[in-house]
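J.: Work out the full structure, taking the sequences as your base and the hints as a guide.
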Amino acid sequence: MPEVYDDCQSRMTGEHKLALRRIVRKLHVPPCPNNQVLGKSIDEIEDIFLEEFEQFRSQSGIFAPGGNCGGKFTSKDAREGKSHIWHQKWTLSYTQVLGFMGVRTCSKLLGIGQCERGWRDVSAVKAKGKGKMKGAKVEKKGILRTTALINNARIKQDAREKIDYRGPNAMFGDDDLKYDLQLTDFGVDINELKKPATERVFRAWVEDWERDCIIKNDIVPMTKLKTKYKGLKFADADNGDIEVCITELEWRRKNKKHGIKVSSWFLTTRDENGEEEDWEINDDNCDTIASHPQAPGIQVEKKSEEQLAMELEAQLEEGSESDD
0 MPEVYDDCQS RMTGEHKLAL RRIVRKLHVP PCPNNQVLGK SIDEIEDIFL
50 EEFEQFRSQS GIFAPGGNCG GKFTSKDARE GKSHIWHQKW TLSYTQVLGF
100 MGVRTCSKLL GIGQCERGWR DVSAVKAKGK GKMKGAKVEK KGILRTTALI
150 NNARIKQDAR EKIDYRGPNA MFGDDDLKYD LQLTDFGVDI NELKKPATER
200 VFRAWVEDWE RDCIIKNDIV PMTKLKTKYK GLKFADADNG DIEVCITELE
250 WRRKNKKHGI KVSSWFLTTR DENGEEEDWE INDDNCDTIA SHPQAPGIQV
300 EKKSEEQLAM ELEAQLEEGS ESDD
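Letter by letter, the sequence shown follows residues 0 to 323 of numbering that gives the first Met the number 0.
FYI, nobody ran anything at the bench for these hints, they're computed from the structure. Some clues are possibly wrong.
[Unchecked claim] Calculated cross-link-like contacts (lysine-lysine; reagent style BS3-like; alpha-carbon spacing at most 27 Å): (1) 194 <-> 215; (2) 215 <-> 225; (3) 227 <-> 301; (4) 25 <-> 39; (5) 161 <-> 193; (6) 229 <-> 194; (7) 232 <-> 193; (8) 301 <-> 215; (9) 260 <-> 227; (10) 139 <-> 161; (11) 194 <-> 161; (12) 81 <-> 25; (13) 81 <-> 71; (14) 107 <-> 81; (15) 225 <-> 255; (16) 16 <-> 81; (17) 302 <-> 225; (18) 16 <-> 140; (19) 193 <-> 215; (20) 256 <-> 215; (21) 193 <-> 301; (22) 260 <-> 215.
[Unchecked claim] If you anchor each label on the Cβ, the simulated ranges turn out as follows: (23) 182 <-> 11: 27 to 35 Å; (24) 144 <-> 294: 40 to 48 Å; (25) 132 <-> 64: 54 to 62 Å; (26) 122 <-> 182: 48 to 56 Å; (27) 28 <-> 69: 13 to 21 Å; (28) 154 <-> 214: 54 to 62 Å.
Even for Gly, the Cβ is constructed at its ideal location relative to N, Cα and C.
T.: The structure is reproduced here in structure tokens:
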């Protein structure tokens, strides 16, 4: 209809185009019934549609006066609102996607699936002597009933998808855990794949960048040190090997009485009883952390033999220079 065409020209926005693109993709899901675009990707099909649609809107190309479809916008079918018949006559044979879309989206629905689903809700709401209930009330109760059923179904589905769910309706079970896609036939180490993903790497020594951070009372070095050490665990040998966890960092000032030779950051730990204690950041404590089991996802990396050999060689050189 000409007035509908003019209204579309003046009010179409990006939201409408996004909706059109979604419909194009849904109607061209393989196996695609549109023989005009067989072998083309969905992105190519979308581009073709948008190009043809712009020609349709601007009455250019084949829709320009003198074109195959030119001058047909005021025909009888268009004036009477029979858009699907108009597209079947004029665009289906001259376009690859626009005519296919127009015939299918403008025609009337032939199935009664929606009516049957709606009647099921109505019959449930109007049961038990409620046959005189008015339409507006039936509609509201039907919406509430359907929404409740959908929410309950989603809750049940979420529960069945959990690993610890038990029962005949479980959607994830022991067989899924054991299934290895037969990767062992291709020489893949399954046990290596089952290991937790590495989320954090702890290098079990005082790194070069740490030495400056340890003695700087500032938020930036504190944050860097906290990122490395917070959440790590180790056994406190002085208290019966009780497990302690690093929870915070605390700045300790120089105090010869307590054995603190220089002001620096200390690791604050807490045990299962809530007792807190401070620890110096040094290689010995890093080794203690490395020798204790950590949470899944934390990979502990120790010094390589090459690094140890280089450090030993440097110590020997320092010793020989001091003797001289």
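J.: Hints first: check each against the structure and report whether it holds.
T.: Hint check results:
no.	hint	result
1	194 <-> 215	violated (38 Å)
2	215 <-> 225	holds (14 Å)
3	227 <-> 301	holds (14 Å)
4	25 <-> 39	holds (15 Å)
5	161 <-> 193	holds (18 Å)
6	229 <-> 194	holds (23 Å)
7	232 <-> 193	holds (23 Å)
8	301 <-> 215	holds (26 Å)
9	260 <-> 227	holds (23 Å)
10	139 <-> 161	violated (34 Å)
11	194 <-> 161	holds (20 Å)
12	81 <-> 25	holds (24 Å)
13	81 <-> 71	holds (13 Å)
14	107 <-> 81	holds (10 Å)
15	225 <-> 255	holds (26 Å)
16	16 <-> 81	holds (23 Å)
17	302 <-> 225	holds (21 Å)
18	16 <-> 140	violated (35 Å)
19	193 <-> 215	violated (41 Å)
20	256 <-> 215	holds (22 Å)
21	193 <-> 301	holds (23 Å)
22	260 <-> 215	holds (15 Å)
23	182 <-> 11: 27 to 35 Å	violated (51 Å)
24	144 <-> 294: 40 to 48 Å	holds (46 Å)
25	132 <-> 64: 54 to 62 Å	holds (57 Å)
26	122 <-> 182: 48 to 56 Å	holds (52 Å)
27	28 <-> 69: 13 to 21 Å	violated (33 Å)
28	154 <-> 214: 54 to 62 Å	holds (55 Å)
Hint check: violations occur at hints 1, 10, 18, 19, 23, 27; the rest are consistent with the structure.
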